[in-house]
Amino acid sequence: MWTHEVGDAVRRPLSSPLTLLIFGAMASATALLSGVAPQAAAQQAPVAPARPGVISGGGRFGFGQPATVAVIAAENIDVRSDGMGLPRGSGTADQGHVLYAATCASCHGDTGREGGSGPILVDPTPFQPGLTPPTIGNYWPYATTVYDYINRAMPPEAPGSLQPDEVYALTAYLLNANGIIASNAVINAQTLPRVVMPNVNGFIPDPRPDVR
Numbered sequence: 021m022w023t024h025e026v027g028d029a030v031r032r033p034l035s036s037p038l039t040l041l042i043f044g045a046m047a048s049a050t051a052l053l054s055g056v057a058p059q060a061a062a063q064q065a066p067v068a069p070a071r072p073g074v075i076s077g078g079g080r081f082g083f084g085q086p087a088t089v090a091v092i093a094a095e096n097i098d099v100r101s102d103g104m105g106l107p108r109g110s111g112t113a114d115q116g117h118v119l120y121a122a123t124c125a126s127c128h129g130d131t132g133r134e135g136g137s138g139p140i141l142v143d144p145t146p147f148q149p150g151l152t153p154p155t156i157g158n159y160w161p162y163a164t165t166v167y168d169y170i171n172r173a174m175p176p177e178a179p180g181s182l183q184p185d186e187v188y189a190l191t192a193y194l195l196n197a198n199g200i201i202a203s204n205a206v207i208n209a210q211t212l213p214r215v216v217m218p219n220v221n222g223f224i225p226d227p228r229p230d231v232r
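Positions 21 to 232 (my numbering) are the ones given, in order, by the sequence shown.
I should point out that these hints are in silico values taken from the structure, not numbers from a laboratory.
One or more hints might be untrue.
As the list claims (entries may be wrong) - Here are the simulated distance ranges between beta carbons:
{"#": "1", "residue 1": "Pro175", "residue 2": "Gly222", "range": "21 to 31 Å"}
{"#": "2", "residue 1": "Thr145", "residue 2": "Phe223", "range": "12 to 22 Å"}
{"#": "3", "residue 1": "Pro146", "residue 2": "Ala121", "range": "53 to 63 Å"}
{"#": "4", "residue 1": "Ile224", "residue 2": "Gly82", "range": "46 to 56 Å"}
{"#": "5", "residue 1": "Ala87", "residue 2": "Ser126", "range": "31 to 41 Å"}
{"#": "6", "residue 1": "Arg80", "residue 2": "Pro175", "range": "17 to 27 Å"}
All figures in this text were calculated on a predicted structure; none of them were measured in a lab.
Backbone N, C-alpha and C fix where the C-beta goes; we use that ideal spot for every residue, glycine too.
Using the sequences plus the hints, can you model the full thing?
Below, the structure is given as structure tokens:
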């Protein structure tokens, strides 16, 4: 880049670092305003917009699989309050006690009354907000959802790893520890929905229709 002063016949380069910086910034700004990065400006070529659902190269997205009946059934593991979705299997409180000590006590305490990194699970004292902690024994309205939660979310380091018999046994242990079922009760898909929780009337159904 060259210039000359008025009355001066000698041409000399503009070598000031500040001047070069200013001109460089102007060039970069011009390229950016045009939507093209400076280093790619010379290589950029027009690209036609891709059709919805198709990548620009012409092929379809390379992920996912058809949602077949079998695939949906494998993911549909939730258990409703009425017991719909409970699998085959069974368990007792004695069986659950052994499992609890091995997989649950480190977070919830040796008996479930102590808590720790996990919440307290055992306390049949009637629930009073701010006075007593909410537990399976005094807060949960449906015994079936105890199974559902353990099955889907526990233990936290390996959710979904427990077998149905193990989940039934843990559910039986926690219900027995809270004084809700007898120690020799067998919990399965038929007996669990019949368990009446102490706080079943503590929740008010929302009469409003679902809006999606």
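> At the C-beta level, are Pro175 and Gly222 separated by a distance inside 21 to 31 Å?
Replying inline: Holds: the Cβ-Cβ distance is about 28 Å, inside 21 to 31 Å.
> When you take the CB atoms of Thr145 and Phe223, is the distance between them in 12 to 22 Å?
Replying inline: Holds - the Cβ-Cβ distance for Thr145 and Phe223, about 18 Å, lies within 12 to 22 Å.
>> Holds or violated: the 46 to 56 Å window for the beta-carbon distance between Ile224 and Gly82?
In response: holds (48 Å)
> Given a hinted range of 53 to 63 Å, is it respected by the beta-carbon distance of Pro146 and Ala121?
Replying inline: Since Pro146 and Ala121 have Cβ atoms about 28 Å apart, the given range 53 to 63 Å is violated.
> Do the beta carbons of Arg80 and Pro175 sit within 17 to 27 Å of each other?
Replying inline: Since the Cβ atoms of Arg80 and Pro175 sit about 39 Å apart, the hinted range of 17 to 27 Å is violated.
> So does Ala87 sit 31 to 41 Å from Ser126, Cβ to Cβ?
Replying inline: holds (38 Å)
Violated hints, listed in ascending order, are 3, 6; each of the other numbered hints is respected by the structure.
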